[in-house]
Amino acid sequence: MTGKILVNPVSSYSGIKLLLMLFRQLDLYNKAIEVAEEALRNHPDERYLKRCAALTYKWKIIFSRDSQPNQRMIDKAVSLYEELISLYPHFSVFWETDLAIIHTKSSEGLLRANRIYQELLERDLEDEERQMLYNLYAKYLYFHRKEREKSTRYHMKAAQIRQRSSYRHNSIKELKKIAEQSRNRMCREVQEFLENLQLQVHMST
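Numbering (UniProt numbering), first residue to last: 1 to 205.
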């Protein structure tokens with residue numbers, strides 16, 4: 001099946017992304033990278049295949065439990081994502097947040113990740129983009145900077161944007177956990193925030 005897909009004309013309908021996602025579901029990250037790289041070697045100028053290759057490296061770096069990603073792999077992923085940012089300027093926010101996440105997997109990359117987030121926070125973004133950014137930045141603050149209160153406030157910012165998405169759902173879920181932690185000094189404030197959020201929903205229906 002892999003061979004047939006690789007000889008198909010390249011497009012978003014050629015089946016390669018579905019194949020790569022199957023490899024991801026099976027935790028076959030190295031195989032996904034191998035297939036994406038082979039396709040890219042055959043069609044080096046295809047933007048779509050560069051997107052596919054970038055995704056496979058991201059999956060390996062973020063989701064693989066085999067071992068810590070080495071710097072060479074991180075550098076390759078960074079190179080692909082930086083190219084995507086220049087190729088798809090209108091979608092650069094999505095690629096830049098991915099790039100920031102990849103940087104956090106390297107001890108040398110945390111400052112770069114922080115710089116990316118700070119630059120994005122200063123931009124005039126669409127609601128959907130801001131919501132995604134606030135949610136991802138909240139996770140970054142919590143896991144990599146140990147700034148729990150600031151992380152909570154960015155989850156609140158994400159939840160406040162009334163755009164239905166997995167990012168908003170995730171932020172609300174995290175806030176509900178905090179609201180149940182009586183020893184958390186933001187517990188009461190988060191409880192009131194969630195109550196007001198629910199009230200806004202009722203008033204709009």
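It is worth saying that the hints were derived from the structure and are not from the lab. Careful: at least some of the hints might be erroneous.
[Unchecked claim] Restricting the straight-line Cα-Cα distance to at most 27 Å, the calculated cross-link-like pairs of lysine-lysine (DSS-like) are:
no., residue 1, residue 2
1, K157, K177
2, K176, K146
3, K60, K50
4, K146, K105
5, K76, K150
6, K173, K58
7, K146, K177
8, K139, K150
9, K17, K58
10, K173, K139
11, K105, K31
12, K157, K176
13, K31, K50
14, K157, K173
15, K31, K17
16, K105, K76
17, K105, K177
18, K146, K50
19, K157, K105
20, K76, K31
21, K76, K139
22, K139, K58
23, K105, K139
[To be verified] Here are the in silico distance ranges between beta carbons for each label pair:
no., residue 1, residue 2, range
24, N184, Q160, 40 to 50 Å
25, R123, E37, 24 to 34 Å
26, R185, L26, 15 to 25 Å
27, H169, S79, 26 to 36 Å
28, F63, N196, 32 to 42 Å
29, S165, D124, 11 to 21 Å
This structure is a prediction, so every number in the text was calculated from the model and none was measured. Glycine is no exception: its CB is placed at the ideal position from the N, C-alpha and C atoms.
Here's how the hints hold up against the structure:
Taking the CA atoms of K157 and K177, the gap is about 16 Å. The hint holds against a cut of 27 Å. Restraint check for K176 and K146: the C-alpha separation of about 19 Å stays at or below 27 Å, so the hint holds. For the suggested pair K60 and K50, the alpha carbons sit about 16 Å apart, so the restraint of at most 27 Å is met. The suggested pairing of K146 with K105 holds, with an alpha-carbon distance near 16 Å, which does not exceed 27 Å.
Using a Cα cut-off of 27 Å, the hinted pair K76 and K150 is violated, with the two alpha carbons roughly 32 Å apart. Distance check on the hinted pair: K173 and K58 sit about 25 Å apart at the alpha-carbon level, within 27 Å; holds. For the proposed pair K146 and K177, the alpha carbon gap of about 17 Å is at most 27 Å, so the pair holds. Taking the CA atoms of K139 and K150, the gap is near 10 Å; set against the 27 Å cutoff, the hint holds.
As the CA atoms of K17 and K58 are separated by approximately 14 Å, the hinted pair is consistent with the 27 Å bound. Proximity of K173 to K139 is assessed by CA-CA distance (about 13 Å); at most 27 Å being required, the pair is judged to hold. Pair hint K105 plus K31 holds up; C-alpha atoms about 21 Å apart against a cutoff of 27 Å. Under the criterion of a C-alpha separation no larger than 27 Å, the hint pairing K157 with K176 is consistent with the structure, at around 14 Å.
Between the alpha carbons of K31 and K50 the distance comes to roughly 16 Å, so the proposed pair stays at or under 27 Å and holds. The straight-line distance between the Cα atoms of K157 and K173 is roughly 13 Å, inside the 27 Å bound, and the hint therefore holds. With a CA separation close to 13 Å, the supplied pair K31 and K17 stays within the 27 Å bound. Between the alpha carbons of K105 and K76 the distance comes to roughly 13 Å, so the proposed pair stays at or under 27 Å and holds.
For the hint linking K105 to K177, the alpha-carbon distance of about 26 Å falls within 27 Å, and the restraint holds. With a C-alpha separation of about 34 Å, the suggested pairing of K146 with K50 is violated against the 27 Å cut-off. In summary, the hint linking K157 to K105 is supported, as the alpha carbons are separated by about 25 Å, within the 27 Å threshold. For the suggested pair K76 and K31, the alpha carbons sit about 16 Å apart, so the restraint of at most 27 Å is met.
Of the supplied pair hints, the one linking K76 and K139 holds, its CA atoms being roughly 24 Å apart against a limit of 27 Å. About 17 Å separates the Cα atoms of K139 and K58, which keeps this hinted pair within 27 Å; it holds. Restraint check for K105 and K139: satisfied, since their Cα atoms lie roughly 14 Å apart, inside the 27 Å limit. Checking the proposed 40 to 50 Å range against N184 and Q160 shows it is violated: the Cβ atoms sit about 19 Å from each other.
The hinted range of 24 to 34 Å is satisfied by R123 and E37, whose Cβ atoms lie roughly 32 Å apart. About 44 Å separates the C-beta atoms of R185 and L26, a value inconsistent with the hinted range of 15 to 25 Å. At about 33 Å, the CB distance of H169 to S79 agrees with the hint of 26 to 36 Å. Checked against the hint of 32 to 42 Å, the C-beta distance between F63 and N196 comes to roughly 36 Å, which is consistent with it.
Separated by about 19 Å at the C-beta atoms, S165 and D124 satisfy the suggested range of 11 to 21 Å.
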